[in-house]
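The task is simple: from the sequences and hints, build the whole structure.
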Amino acid sequence: GDSVTQMEGPVTLSEEAFLTINCTYTATGYPSLFWYVQYPGEGLQLLLKATKADDKGSNKGFEATYRKETTSFHLEKGSVQVSDSAVYFCALRASGGSNYKLTFGKGTLLTVNP
Amino acid sequence: GAGVSQTPSNKVTEKGKYVELRCDPISGHTALYWYRQSLGQGPEFLIYFQGTGAADDSGLPNDRFFAVRPEGSVSTLKIQRTERGDSAVYLCASSLNGRGGNEQFFGPGTRLTVL
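Residue numbers (this note's numbering), protein chains in the order written: chain A, 1 to 114; chain B, 1001 to 1115.
Mixed in with the good hints there might be a few duds.
Here are the simulated lysine to any residue pairs, SDA-like style, with alpha carbons at most 25 Å apart [what the hints assert, rightly or not]:
no.	chain 1	residue 1	chain 2	residue 2
1	A	101	A	78
2	A	68	B	1024
3	A	106	B	1017
A short, non-exhaustive set of chain A residues, derived as facing chain B with CB atoms under 8 Å [claimed, not checked]:
no.	residue
4	101
5	112
6	114
Chain A is faced by these chain B residues, among others (derived, beta-carbon under 7 Å) [as the list claims (entries may be wrong)]:
no.	residue
7	1014
8	1016
9	1018
10	1041
11	1042
12	1043
13	1045
14	1051
15	1098
16	1106
The hints are simulated quantities; they were obtained by calculation from the structure and are not laboratory data. Using N, Cα and C, we set each Cβ at its ideal position, and we do this for glycine too.
Structure representation (structure tokens):
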């Protein structure tokens, strides 16, 4: 079945450092790919998405590019802030009949220190 | 407008008891989803409603779990004879409809602890 594997945390960075959180997936067909973020005490929020190969999703300075050849969707940000401290989840939504269902990775806790 | 709300935010119960978890979706959203997030894991799909009917309940772990959405709005997840392994955060999400292009909006979750 479909699965998502993401880099295990926790990740601790200093403010203004470069961030990469790796994510790879296994799925048939052409899934859509997502990054969700969960800030402390809040619910899951969609951060960015990409629906086809070579698409780049971006939001709040974060970017991720849908790479079908490497089945990857790595999250990057050039300069993190303390306010980016949160848990980040990579997820996919299958193409075809079950395209309402999200499959998530385990999450990566990011802590940014001032 | 109001987002997805879930009550209670925390529920502590004893092994063997029955619990109900409630989800209020965003007004006008016809699709509703339940996910379960165990400690250290990502959310896992449980069930999807389109309107009043459960279109896919393949993620429910066993027959102790049941969910309803009688009027196509509020949904209740029901767990019978709770076990310690049921302890998790139960997340509800809703979307405009079940078509894949529609974003799922998540509630804050109910943290269930079974002692």
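Right, here's what the structure says about each hint:
For the hint pairing residue 101(A) with residue 78(A), the CA-to-CA distance comes to about 31 Å; that exceeds 25 Å, so the pair is violated. Proposed proximity of residue 68(A) and residue 1024(B) is contradicted: the alpha carbons are some 37 Å apart, above 25 Å. With a C-alpha separation of about 29 Å, the suggested pair residue 106(A) and residue 1017(B) falls outside the 25 Å cut-off, and the hint is violated. The interface hint given for residue 101(A) is met, as the beta carbon of that residue sits about 5 Å from the closest beta carbon of chain B, less than 8 Å.
For residue 112(A), the suggested interface contact is broken, since its CB lies about 21 Å from the closest CB of chain B, more than 8 Å. The interface hint given for residue 114(A) is violated, since its Cβ lies 27 Å from the closest Cβ of chain B, which is over the 8 Å cut-off. Because the closest C-beta pair between residue 1014(B) and chain A is about 27 Å apart, greater than 7 Å, the hint is violated. At about 30 Å, the closest approach between the beta carbon of residue 1016(B) and any beta carbon in chain A exceeds 7 Å, and the interface hint on this residue is violated.
Hint on residue 1018(B) is violated. Least Cβ distance to chain A is approximately 26 Å, over the 7 Å limit. At about 5 Å, the closest approach between the beta carbon of residue 1041(B) and any beta carbon in chain A falls short of 7 Å, and the interface hint on this residue holds. With its C-beta approaching chain A no nearer than about 3 Å, residue 1042(B) sits inside the 7 Å limit, and its interface hint holds. Taking 7 Å as the C-beta cut-off, the interface hint given for residue 1043(B) holds, the closest approach to chain A being about 5 Å.
Annotation: interface hint on residue 1045(B) holds; nearest CB of chain A at approximately 5 Å, less than 7 Å. Below 7 Å, beta-carbon pairs count as interface contacts, and residue 1051(B) has none with chain A, the closest being about 13 Å; its hint is therefore violated. A least Cβ separation of about 4 Å between residue 1098(B) and chain A falls short of the 7 Å threshold, and the interface hint therefore holds. Interface restraint check for residue 1106(B): the shortest CB-CB distance to chain A comes to about 4 Å, inside 7 Å, so the restraint holds.
Against the hints set out earlier in the document, violations occur for numbers 1, 2, 3, 5, 6, 7, 8, 9 and 14.
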